[in-house]
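Chains R and V supply the protein sequences, listed in that same order.
Under the working numbering, the first residue of the first sequence is numbered 156, with each subsequent residue one higher.
Under the working numbering, the first residue of the second sequence is numbered 156, with each subsequent residue one higher.
Hints are computed from structural coordinates only; laboratory data are not their basis.
Bear in mind that the values here come from a model prediction, so they are computed numbers and not experimental data.
Please note: incorrect hints may appear among the correct ones.
Note: identical chains are not told apart, hence a pair may lie in one copy or across any two.
Claimed, not checked - Calculated cross-link-like contacts (lysine to any residue; reagent style SDA-like; alpha-carbon spacing at most 25 Å): (1) K306 to A379; (2) K712 to D738; (3) K759 to P781; (4) K744 to P781; (5) K525 to M388; (6) K722 to T304.
2 protein chains.
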Amino acid sequence: MTVKQQMQPLPLADVKIADAFWSPRLEVNRAVTIPHQYKQCKATGRIDAFRLKWKQGDPNPPHIFWDSDVSKWIEAAAYTLAAHPDRALEKLLDETIDLIVSAQQPDGYLNTHYTVVEPGRRWTNLKDCHELYCAGTLMESAVAYVQATGKRKFLDTVCRYTDYIATIFGTKPGQKRGYCGHEEIELALVKLFKATGRDKYLKLAKYFVDERGRRHPHYFDVEAPGRTPYPNMPPDNNYTYFQAHKPLRKQDEVVGHAVRSMYICAGMADVAALTDDAALLRACRKLWDSATLHKMYVTGGVGSNTTGEAFTGNYDLPNQSAYAETCAAIGLVFFAQRMLQLEADARYADVLERSLYNGSLAGVSLDGKKFFYVNPLASSGNHHRSEWFGCACCPPNIARLLASLGQYIYSASDSALYAHLYVGSNAKVRMGGSTVILTQKTNYPWDGAIDFVIRPARPMTFDLMLRIPGWCRKYKLTVNGKACRAPLVKGYARLRRTWAAGDCVQLVLDMPVERLAAHPAVAEACGKVALQRGPLLYCLEQTDNTAPVGSILLGEKAWLTARFNRKLMGGVTVIEGEGLTPDAGPWKKALYQEAPKPRYKRVKFRAVPYALWDNRRGGAMLVWLPRA
Amino acid sequence: MTVKQQMQPLPLADVKIADAFWSPRLEVNRAVTIPHQYKQCKATGRIDAFRLKWKQGDPNPPHIFWDSDVSKWIEAAAYTLAAHPDRALEKLLDETIDLIVSAQQPDGYLNTHYTVVEPGRRWTNLKDCHELYCAGTLMESAVAYVQATGKRKFLDTVCRYTDYIATIFGTKPGQKRGYCGHEEIELALVKLFKATGRDKYLKLAKYFVDERGRRHPHYFDVEAPGRTPYPNMPPDNNYTYFQAHKPLRKQDEVVGHAVRSMYICAGMADVAALTDDAALLRACRKLWDSATLHKMYVTGGVGSNTTGEAFTGNYDLPNQSAYAETCAAIGLVFFAQRMLQLEADARYADVLERSLYNGSLAGVSLDGKKFFYVNPLASSGNHHRSEWFGCACCPPNIARLLASLGQYIYSASDSALYAHLYVGSNAKVRMGGSTVILTQKTNYPWDGAIDFVIRPARPMTFDLMLRIPGWCRKYKLTVNGKACRAPLVKGYARLRRTWAAGDCVQLVLDMPVERLAAHPAVAEACGKVALQRGPLLYCLEQTDNTAPVGSILLGEKAWLTARFNRKLMGGVTVIEGEGLTPDAGPWKKALYQEAPKPRYKRVKFRAVPYALWDNRRGGAMLVWLPRA
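Same shape as in the complex, but just chain R (with noise of 0.2 Å):
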């Protein structure tokens, strides 16, 4: 087998993107949401942390992630450049920056944690202290700062970090065999591998997904005499909550930490893709199956343990106490999108739809300053979004994911032009030495129809690969008003031909309200039915019912209409139905008593997307509806 990468996804710069549904959220995102992020940074001293001021005694010492919430604010801050230039916000981030440059120690070394808490402690607790981590959300932030601006200074600062590092880590005599109990250096080393084309940097990545929970002694172990204990951290020999039990390669089900698990797999595709590398592609595919065939939520939500923030055994999916966390549903979107460029298969963009229209997006509010870190599928009117978090991984990632929106769209191969996503945008497409404008406008994800306007710069040969969504039966295309028919490729209809400037081309999907059953071993779900229309899940909540939500049952054929309410949040295709509800008839003045023979009477209901739970007044919430 050769590990070939199909396709590539179209560069940030060239995808202006103009929605309905996405472009407000992209606007709050940047003109709310990271706004609101610096200050949260400044106000709890994660950015001052970058003066080194900070001295023993005093307090609020520079937590050992609080670089990573910095850097991906300015990763953030960084993608809504490409679309919306800003001069204010990018004499903000070069201020950050500065300081941040200012902050590297004269051999390179770059963590406010370790230079002023814990001076001379570098590196002896990889275990549990966030150390590769931190680096690694640099090097993310610094590419994306030199793609949106061209500036380099952030780069080579966060290369020569990386240089240090190298000389650090590695199998030559004298280096450290170790690595980071929170994987995400691996899928950031890649990624300055691309922007500066060293190799160096492709190999640190390998070595560490290749060294991984390989050796025995385990490093955890071996640094472990050490080590300073860090507090709240899981015990030392509980490997596989680091994805460290065994080495990467031998790896079939997805364990432990679900963010991490999400963000090493990641890598994992990353190093698969660029070396060539079969046994690591099939481990991917393994651990792919086992996420999302055995233990994903229906909201593209993964991890639903709070013990741990972790994986647990196949079908394991509590509604109230679902874990979920937001980023760990943002980490199955890297996931998906890198197995999707690699594999052209659409089962990857289903997924990464599925988690960026539901479980991620569920992760901020409607006004951009509220982000939910625990997404449950159901709740008793206690749970909703908070400001910040002391753990504030959650509301960056949330940022950048939303900032970086145009890069999940569309990708490219020399004869193939693939559309992932529907939403509104404008592409140039550079493919086989030429460019290619691509016009999508739609309604989408109210509406199921997509137009094409397709503009070569000569007329050019391709295939134009329009991805049918698995949750879509019935669908129509045409090509220039005319009915076609296309094959089915790997979930991509195909359309191959000589696509000359203007060309249009219609893709209507059938969307209408679907009732979802899962698997039967996920026992909360048993005997329920989840509404969900297009990439759209839905939920009930209380201030849109009258009747109890958990009160409700669904009918097999009680009617279901999806209706789009201009006034509900700015805008929001409702699906309305018709349940039963238990009449309790007369009833004593106690709160228990012997149960009357069950009447039902019928109540309308009112279910909107869940990603947009929470934004209104406070109550019930819950995503399985039971059947009658």
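Fit chain V to the given chain R structure using the hints.
Relative to chain R, chain V alone:
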């Protein structure tokens, strides 16, 4: 209206329990739980805190509520001495008490935290710092100890402390018009009054009841400028949290922290009874109705909200996210016990029994070493008992409740002898100037047959009042083998006759499996039933069931049988039945798919008493079963 206490509980020493259900639990409580809790108090520094050796800069400062944990442990241990003299335990108690006594300051003050951690800061933060609460628990334990052993040393010390407290608080010039943020001292002062006959203690109790929430500006605001803020406490103006938003006599809804609410309700009932305070009793009745008609779980648990460990609105009783602190269920037992003595109405005993056999008893494992703080009515399998807690109020609270069970079974007035609970026991009852020996034999709660033998010292006319539980709809009564009818007076069957030595009474309560429904406004119980048999509420645990417990529906005509299983958890009556579970039929590889037409198959299930859940392999649990 005149407040008249209808009856008095029997002294603990006069009731010997010999019961198939309770005796093994009481023995584990005595032989395992109490030594285990001493070890925990010792290991965590709670005992040695009384040495007053802690200095600024030392680790593990004596916490504001540590003293109360030791007090409650002493109280529990003292109660066991009544039924089970134990020299070693008494020696350990004497030593511990000597240590406590040694910590008393020259002016009588006795509190480890304020003596060593915040010297000079006494009484500056009544709102947050549990100072009077800790004092109250010393009173309760000192009374228990003198009653068990006759030794007055501890009582004398505590009286000296209380005398000092009485100089600080009150309405005289120069006194503080404050009261504790965490009520309990009110009921404790009444115990101290009863044990010593000293009016000043009752007056001080009445002062605390009268003063609470009465004045403007609010005392918590008066003390605020001089207060050292204590971390993680409710905001100053959250008066409802402390039941201090208005005078207690004007309150008609239970609000705020549930344990505090139940303790002050008990204290109010005590003061009402002893001071002939009709307005206070009216408030108690309103608060009782509020708690038990609108805010109580079917387990007898109260306080549904984790945030603030608090009551919320009427009928807001979520299952999985239930808080229902063990201490709150126990507090409801205390409140019920006092209302019952005042009003001789079985509705109080019904709640007392529900809370005792379910919400309270669940607080301790069968092995006596693990405790629930939080008592949900559904679990995905991730909720388990712990050996101890940083905030360790619940473990010694359940220990003292079990050790004092004998106080709850009977009451007597001059002309009536009440049996509230059916627990095999032998009681010496002093009434009408003479003595009656009452023997109760029963296999309750597994069986509804209860046999009494009455042995008055001389033939004596009185009413034997046997509680007919609210859950019972059919019963038979015989006296000396002959069926008899007895009028039902406020839930008690009244047998009025001249009793002679050896008279036998048999009560047979019909005890079928019941399906309970909750008031239709309880959203999370809507369309569902809970199984109850006798006083025991049942639940489904995954370990007993093949179908996922969340997937089981109960048809209206499904059979349900109760069967005693000698081998299960030391002998338990289980409920077995036939439910329906979705039959998914063939399933694609996918985790989610379009819902197939629903089909159900029959499935046998087993339910066990809620109080015994989580004593075997961990797994999902639920109380409320959906109706098919």
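Verification of the hints:
no.	hint	result
1	K306 to A379	neither (41 Å within a copy, 54 Å between copies)
2	K712 to D738	both (20 Å within a copy, 19 Å between copies)
3	K759 to P781	both (15 Å within a copy, 20 Å between copies)
4	K744 to P781	between (28 Å within a copy, 23 Å between copies)
5	K525 to M388	between (27 Å within a copy, 24 Å between copies)
6	K722 to T304	neither (39 Å within a copy, 74 Å between copies)
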